[in-house]
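Enquirer: Below, each chain spelled out in residue letters.
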Amino acid sequence: MITLPKSKAFALVAAISILTGCAANRYEAPVSSFRDKTQQTINVLSTFYSSRNSYEVALYLQTVAADSSLRVETTDASGNPTPLGKPVFSPASIKARLDALTVVGVYANRLYDLANTTAPSKFQSATTALGSNLSSLDKSFQKLQGESDPTANKYVGPISSLVGTIGEMFLERKRDELITKAVTDGAPQVEIILSQVRDDMDKIFSLEIITGSNERLATLISAYNNSDRAKLTYEQRMARLNEIEAAFNEVTASIGSAPSGLVASMMEAHKALVQEATSPQKAKMNNLAALNGALQQWTTQIETLSTQIKPLLH
Amino acid sequence: MIKVDTTTLSNIINQCFAFSSDGRLSPSQQATMLADGKRLRGLLMNLLSAQFNDGTQAVLDANNQLTKVNATLANSATALANTVQTLNEITSLVGNLDKLLNVVAGVV
Chain W
22 MITLPKSKAF
32 ALVAAISILT
42 GCAANRYEAP
52 VSSFRDKTQQ
62 TINVLSTFYS
72 SRNSYEVALY
82 LQTVAADSSL
92 RVETTDASGN
102 PTPLGKPVFS
112 PASIKARLDA
122 LTVVGVYANR
132 LYDLANTTAP
142 SKFQSATTAL
152 GSNLSSLDKS
162 FQKLQGESDP
172 TANKYVGPIS
182 SLVGTIGEMF
192 LERKRDELIT
202 KAVTDGAPQV
212 EIILSQVRDD
222 MDKIFSLEII
232 TGSNERLATL
242 ISAYNNSDRA
252 KLTYEQRMAR
262 LNEIEAAFNE
272 VTASIGSAPS
282 GLVASMMEAH
292 KALVQEATSP
302 QKAKMNNLAA
312 LNGALQQWTT
322 QIETLSTQIK
332 PLLH
Chain P
464 MIKVDTTTLS
474 NIINQCFAFS
484 SDGRLSPSQQ
494 ATMLADGKRL
504 RGLLMNLLSA
514 QFNDGTQAVL
524 DANNQLTKVN
534 ATLANSATAL
544 ANTVQTLNEI
554 TSLVGNLDKL
564 LNVVAGVV
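Those protein sequences? They're chains W and P, same order as listed. If you read the first sequence in the numbering used here, its first letter stands for residue 22, the second for the next number, and so on. If you read the second sequence in the numbering used here, its first letter stands for residue 464, the second for the next number, and so on.
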């Protein structure tokens, strides 16, 4: 039997531990961070999406408040519904976007599980509960596909595909292979979903909030200018001018396209994750550094952009 | 399928709101700018996700008109020198965009 001096044996054990530890947990920190930031981003974006109709109602009511001749109506004199009479954005299209983000969140959660578990068998036991959740999500999208809202349709394909990929994650055993496979298979669908979310932000919601915040500012200025200012006390004038200042800050926030920027940061981090997971062994260290950099950038962006988005919620 | 140029429409709306507090316009002209901006934004909310069949002449005409009105408003000196004409152009735009809602083929 070969024996080693205690110091050499300790060094050998330590080296083996570090090597196997590195191999086993290479993904742990970045994937955990990716999961956390994904959840934070989804929370911010979900709140933004969910508040679009209440934002429009608040804007409408402010117009009424600024002009004492106006009545609150659900349908205007031309027969068009006001935001109180009909949601400006259909609940189905908002739900489609929220569900798409939910599936991306599940994808990040499964990657986290893969990167952190020490007992692959746990995946099998968790399959039933998670599988049924994913299955119901998938079904809700299949149902949406047949409904009247075509906005949801473009999300159906990538979501169905992504749900399939997430399901497959439970069938494999090797962590690295699993993560590489999960990222390789899921990434294209995640990219499509995030691209569509970003495009929605740029082409629909960005225009909504920029014009909406300008309308709010113009309405408040007009109300102030047309009021009998001489009868207002200094405090009353300041209160109204403070409202105008807040509206001006909202205009500034809306120009920054914060929601779109947040999605773009998420896409950059995901792209770095894909590169790390799919790169040859030799390039992994460099790509891991790039991934950590992208995650750090995303962290900073979440903090900054969340603050910018707050004035756009009502 | 084609769409209305909603980016240009948004620019016009923002310019209307900016003119509504421009001291070089009379109070009644400012009020008209504010009312037109609000009317156009109401139309924008309907047109953001609206799609039209390829070659729909009303959409092509509306997009040309949007470009023209946007150019007029972007040159504030011209817009202010011909305020009545500018306001008439915006009123005409409101009417044409309103008609478009009747020929929407679908939503994105």
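Please keep in mind that the hints were generated in silico from the structure rather than gathered at the bench. What you are looking at is a predicted structure, and each value in this text was computed from that prediction instead of being measured. For every residue, glycine included, the Cβ atom is placed at its ideal position computed from N, Cα and C. It cannot be assumed that every hint is accurate.
What the hints assert, rightly or not - Listed below are the simulated DSBU-like cross-link pairs for lysine-lysine, each with C-alpha atoms no more than 35 Å apart in a straight line:
| # | chain 1 | residue 1 | chain 2 | residue 2 |
| --- | --- | --- | --- | --- |
| 1 | W | Lys116 | P | Lys562 |
| 2 | P | Lys466 | W | Lys292 |
| 3 | W | Lys252 | P | Lys562 |
| 4 | W | Lys116 | P | Lys466 |
| 5 | P | Lys466 | W | Lys202 |
| 6 | P | Lys466 | P | Lys501 |
| 7 | W | Lys107 | W | Lys224 |
| 8 | P | Lys466 | W | Lys252 |
| 9 | W | Lys107 | P | Lys562 |
What the hints assert, rightly or not - Reference listing, derived: stretches of chain W covered by chain P, where coverage requires no fewer than 3 residues with Cβ under 8 Å from a Cβ of chain P:
| # | region |
| --- | --- |
| 10 | 84-91 |
| 11 | 227-235 |
What the hints assert, rightly or not - Label pairs and their computed distance ranges (CB to CB):
| # | chain 1 | residue 1 | chain 2 | residue 2 | range |
| --- | --- | --- | --- | --- | --- |
| 12 | P | Thr546 | W | Thr320 | 28 to 38 Å |
| 13 | P | Ala568 | W | Lys252 | 25 to 35 Å |
| 14 | W | Arg250 | P | Thr554 | 28 to 38 Å |
| 15 | W | Gly106 | P | Asp524 | 42 to 52 Å |
| 16 | P | Ile465 | W | Asn101 | 22 to 32 Å |
| 17 | P | Ala540 | W | Pro209 | 48 to 58 Å |
Enquirer: Does each hint fit the structure? Answer for all of them.
Expert: Cross-check of the supplied hints:
1. For the proposed pair Lys116/W and Lys562/P, the alpha carbon gap of about 30 Å is at most 35 Å, so the pair holds.
2. With a C-alpha separation of about 31 Å, the suggested pairing of Lys466/P with Lys292/W holds against the 35 Å cut-off.
3. Proximity of Lys252/W to Lys562/P is assessed by CA-CA distance (about 44 Å); at most 35 Å being required, the pair is judged violated.
4. Simply put, Lys116/W and Lys466/P have alpha-carbon atoms about 24 Å apart, close enough for the 35 Å limit, and the pair holds.
5. For the hint pairing Lys466/P with Lys202/W, the CA-to-CA distance comes to about 39 Å; that exceeds 35 Å, so the pair is violated.
6. Note on Lys466/P and Lys501/P: the hinted pairing holds, with a Cα-Cα distance of about 21 Å set against a maximum of 35 Å.
7. About 22 Å separates the Cα atoms of Lys107/W and Lys224/W, which keeps this hinted pair within 35 Å; it holds.
8. This hinted pair does not check out: Lys466/P and Lys252/W have alpha carbons roughly 49 Å apart, beyond 35 Å.
9. Straight-line distance between C-alpha atoms of Lys107/W and Lys562/P comes to about 20 Å, which keeps the hinted pair within the 35 Å bound.
10. Against chain P, the region 84-91 of chain W contributes 1 residues with a C-beta closer than 8 Å to a partner C-beta. That does not satisfy the three-residue criterion, and the hint is violated.
11. Only residues whose C-beta sits within less than 8 Å of a C-beta in chain P count toward coverage, and the region 227-235 of chain W has 6 of them, enough to reach three; the restraint holds.
12. Taken as a hint, the range 28 to 38 Å is violated for the pair Thr546/P and Thr320/W, whose Cβ atoms sit roughly 50 Å apart.
13. Our hint of 25 to 35 Å for Ala568/P and Lys252/W is violated, since their Cβ atoms are close to 53 Å apart.
14. Arg250/W and Thr554/P have their C-beta atoms about 30 Å apart, which keeps the hinted 28 to 38 Å range intact.
15. Separated by about 30 Å at the C-beta atoms, Gly106/W and Asp524/P break the suggested range of 42 to 52 Å.
16. At about 23 Å, the beta-carbon gap between Ile465/P and Asn101/W stays in the expected band of 22 to 32 Å.
17. Between Ala540/P and Pro209/W the C-beta distance comes to about 51 Å, which sits within the given range of 48 to 58 Å.
Figure legend: structure checked against the earlier numbered hints; hints not met, in rising order: 3, 5, 8, 10, 12, 13 and 15.
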